[in-house]
Amino acid sequence: MLSTIKNNINSCSLSPSGRIKTISHGLAYCLLFIISIEVMAAQSNKILNINFHAYYGDVLLKLDDSVYKTENETAIQIETFKCYISGIELLNKEQVVFRENNSFHLLDVSELKSLSIPVTTPSTIQYDKIKFNIGIDSLTNVSGAYGGDLDPTKGMYWTWQNGYINFKLEGKSMICPTKNNEFQFHIGGYQFPDRTMQQVILNILMEGSLAIRIDLKKIIDSIDLTKQNQVMSPGKDAVILSEKALKIFSSY
Amino acid sequence: MKKVFILLLISTFIILAFKSGNEYTFAIPINWPKPTYDFAKNPLSIDKIQLGRALFYDPQLSSDNTTSCSSCHSQFTAFTHVDHALSHGIKDRIGKRNSLALMNLAWHQSFMWDGAINHLDMQSLAPISNPDEMDEKIEHVVTKLQKSKIYPLLFQKAFGDSTITGEHLLKSISQFMLTLVSSNSKYDSVMRKESVFTAQENQGYKLFKTNCAECHTEPLFTNLKFENNGLTLDTTLNDTGRMKITHNKKDSLRFKVPSLRNIEFSYPYMHDGRFKKLSEVVTHYTSGVQKSNTLSKKLEKNLVLSSNERVDLIAFLLTLTDRTFLFNKDYSFPRTIFFTEKKE
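Protein chains in written order, with the working numbering: chain C, 1 to 252; chain U, 1 to 344.
Rather than coming from a laboratory, the hints here were simulated on the basis of the structure.
Here the structure is a predicted model, which means the values were calculated and not measured.
We put the beta carbon where it would ideally sit given N, CA and C, even for glycine.
A portion of the hints provided could be inaccurate.
[Stated by the list, open to error] Just a sample of chain U residues kept apart from chain C, beta carbon distances all over 12 Å, derived:
#1 Pro33
#2 His140
#3 Val142
#4 Pro152
#5 His168
#6 Met191
#7 Leu207
#8 Asp234
#9 Thr240
#10 Thr246
#11 Glu264
#12 Met270
#13 Ser306
#14 Thr321
#15 Thr324
#16 Arg335
[Claimed, not checked] Cross-link-like lysine to any residue pairs, in silico, SDA-like; alpha carbons within 25 Å at most:
#17 U:Lys137 <-> C:Lys129
#18 U:Lys41 <-> C:Thr140
#19 U:Lys250 <-> C:Gln161
#20 C:Lys247 <-> C:Phe52
#21 U:Lys244 <-> U:Pro131
#22 C:Lys168 <-> U:Glu139
#23 U:Lys41 <-> C:Ile219
#24 C:Lys154 <-> U:Glu139
#25 C:Lys154 <-> U:Thr25
#26 C:Lys113 <-> U:Thr165
#27 U:Lys157 <-> U:Val289
#28 C:Lys154 <-> U:Gln75
#29 C:Lys154 <-> U:Gln60
#30 U:Lys144 <-> C:Gly148
#31 U:Lys298 <-> U:Val311
#32 C:Lys236 <-> C:Ile219
#33 U:Lys250 <-> U:Leu303
#34 C:Lys154 <-> U:Asn65
#35 U:Lys41 <-> U:Val142
#36 C:Lys154 <-> U:Asp64
#37 U:Lys244 <-> C:Thr140
#38 C:Lys218 <-> C:Leu60
#39 U:Lys249 <-> C:Val142
#40 U:Lys193 <-> U:Lys206
Throw the hints in and build the complete structure from the sequences for me.
As structure tokens, then:
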């Protein structure tokens with residue numbers, strides 16, 4: 001809110017108009033701001049927390065030295081799990097009843113706070129489904145620098161060929177024939193035919209609860225780590241992995 | 001308590017709303033197309049441009065604090081690197097490509113020889129993190145700058161926030177680069193009817209319009225497309241250009257058409273810096289063009305030029321030199337900013 005108003009003011013100062021225009025613009029913005037505060041106060045809103053819980057199979061995921069087992073009883077460790085959630089919508093009987101503005105969130109298991117996304121909705125809202133994207137849309141990918149969770153300092157942006165990394169999973173397993181037995185999956189790509197943003201639609205089973213489960217075992221078990229352990233650029237492999245990533249999300 | 005907060009907020013907005021004298025109007029040269037850069041998303045201001053200028057010249061953007069953007073993009077050579085064919089980064093590491101001249105970037109849609117970069121704001125991330133160039137991480141640059149004496153103040157002045165973010169860092173470097181407009185060469189003054197070409201330059205201009213302008217299109221002297229101009233593949237580099245990005249065979253050996261403005265000073269030429277002189281470039285177009293599947297149709301017919309015509313063509317290319325650009329004080333090392341830092 002604050003930053004959008006500031007931006008507006010900056011952009012009005014770009015116009016070559018004189019000082020008078022700047023002053024009237026300034027007044028208009030102040031008025032707008034006061035009005036918007038009042039409108040906000042008049043409407044009764046509530047804050048809904050969308051809570052993501054990251055698991056490996058049945059156990060809560062930890063990014064320490066915890067060792068997990070794959071389907072074939074191979075030991076693995078997970079070191080990084082981050083992914084973008086964008087375009088959050090709530091639906092009721094197939095109708096969109098809420099759409100979050102500027103909806104870009106980075107989930108990062110190493111930062112617990114990031115796993116709970118507060119959204120402000122009208123207080124009377126009813127919904128039976130949640131819809132969101134894993135990843136960042138193409139337009140945002142080509143529109144320059146953004147702040148907040150989209151800031152390029154978040155380590156989710158490719159620098160040598162532009163684009164957001166939608167989904168990042170890194171860890172170790174003895175069966176990876178790589179340096180330090182590492183596997184690294186940086187899934188991204190926004191250009192046809194290598195688009196990797198995926199849409200998730202989940203039924204909300206429990207009234208009033210917005211808890212979403214992420215199970216990384218599902219994606220690990222779908223990858224042959226002896227053969228595939230480094231995917232770090234857009235392409236066919238990334239697209240296939242993004243489809244697999246879609247399946248790790250479920251509702252309670 | 002809440003009321004006080006709101007009042008405070010409102011008064012900040014009033015101050016912000018009436019702040020002026022910091023605007024920067026981006027002037028579009030007469031008869032030029034509209035820029036493609038979306039200024040509404042990153043409105044220019046003098047403070048942001050000055051911040052970007054400081055960053056452009058600051059070696060703190062590299063891991064060992066030795067290399068700045070200007071190390072490879074120096075003003076007197078139209079912001080490219082002259083003494084090296086391939087770029088020359090920290091610890092004398094040699095890159096894979098010749099550095100590009102920086103000018104009139106507000107009109108470009110994609111950046112780098114292969115168009116790997118989709119937006120000017122994102123451009124700086126590439127050299128900062130390239131191990132052969134500045135070998136640094138943007139996260140770490142932000143931490144370093146936050147600790148410095150001068151930058152939190154400069155960011156506060158420019159963005160109203162002393163906390164440095166990647167977004168603000170990138171947007172301010174863009175702002176500085178956007179101001180690098182070259183539109184004051186002899187060619188431009190002839191177009192504005194303020195001066196005239198010599199007979200030789202005029203001959204050269206005619207030859208240029210028939211043989212070169214389809215790719216090196218006026219007034220930017222590039223059509224901003226990717227083309228194969230028939231260079232033989234250097235097998236030590238195996239650089240296939242645009243294909244690396246699109247994975248499409250049709251794009252093999254296609255490179256971004258470079259602008260020819262200030263070409264007198266931006267040698268060596270081509271993506272790998274293989275030619276040192278303009279005469280070598282002309283010889284390439286007359287007798288060096290290599291046929292291949294992706295060679296541009298515009299170059300399929302052999303170009304025949306007499307030795308006089310070759311000289312005329314080069315004479316015309318020299319009219320693209322813009323001294324007001326090469327020596328513009330607004331683009332040079334920001335002594336005043338760095339000097340105040342030292343005094344503090």
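Cross-check of the supplied hints:
no., hint, verdict
1, Pro33, "holds, 19 Å"
2, His140, "violated, 9 Å"
3, Val142, "violated, 6 Å"
4, Pro152, "holds, 16 Å"
5, His168, "violated, 7 Å"
6, Met191, "holds, 24 Å"
7, Leu207, "holds, 38 Å"
8, Asp234, "holds, 20 Å"
9, Thr240, "holds, 14 Å"
10, Thr246, "violated, 8 Å"
11, Glu264, "holds, 31 Å"
12, Met270, "holds, 21 Å"
13, Ser306, "holds, 44 Å"
14, Thr321, "holds, 30 Å"
15, Thr324, "holds, 22 Å"
16, Arg335, "holds, 27 Å"
17, U:Lys137 <-> C:Lys129, "violated, 40 Å"
18, U:Lys41 <-> C:Thr140, "holds, 12 Å"
19, U:Lys250 <-> C:Gln161, "holds, 19 Å"
20, C:Lys247 <-> C:Phe52, "holds, 15 Å"
21, U:Lys244 <-> U:Pro131, "holds, 19 Å"
22, C:Lys168 <-> U:Glu139, "holds, 17 Å"
23, U:Lys41 <-> C:Ile219, "violated, 38 Å"
24, C:Lys154 <-> U:Glu139, "holds, 8 Å"
25, C:Lys154 <-> U:Thr25, "violated, 33 Å"
26, C:Lys113 <-> U:Thr165, "holds, 20 Å"
27, U:Lys157 <-> U:Val289, "violated, 53 Å"
28, C:Lys154 <-> U:Gln75, "violated, 32 Å"
29, C:Lys154 <-> U:Gln60, "holds, 20 Å"
30, U:Lys144 <-> C:Gly148, "holds, 20 Å"
31, U:Lys298 <-> U:Val311, "holds, 22 Å"
32, C:Lys236 <-> C:Ile219, "holds, 17 Å"
33, U:Lys250 <-> U:Leu303, "holds, 24 Å"
34, C:Lys154 <-> U:Asn65, "holds, 22 Å"
35, U:Lys41 <-> U:Val142, "holds, 22 Å"
36, C:Lys154 <-> U:Asp64, "holds, 22 Å"
37, U:Lys244 <-> C:Thr140, "holds, 23 Å"
38, C:Lys218 <-> C:Leu60, "holds, 14 Å"
39, U:Lys249 <-> C:Val142, "holds, 24 Å"
40, U:Lys193 <-> U:Lys206, "holds, 17 Å"
Checked against the numbered hints given earlier, the structure breaks hints 2, 3, 5, 10, 17, 23, 25, 27, 28 and satisfies all the rest.
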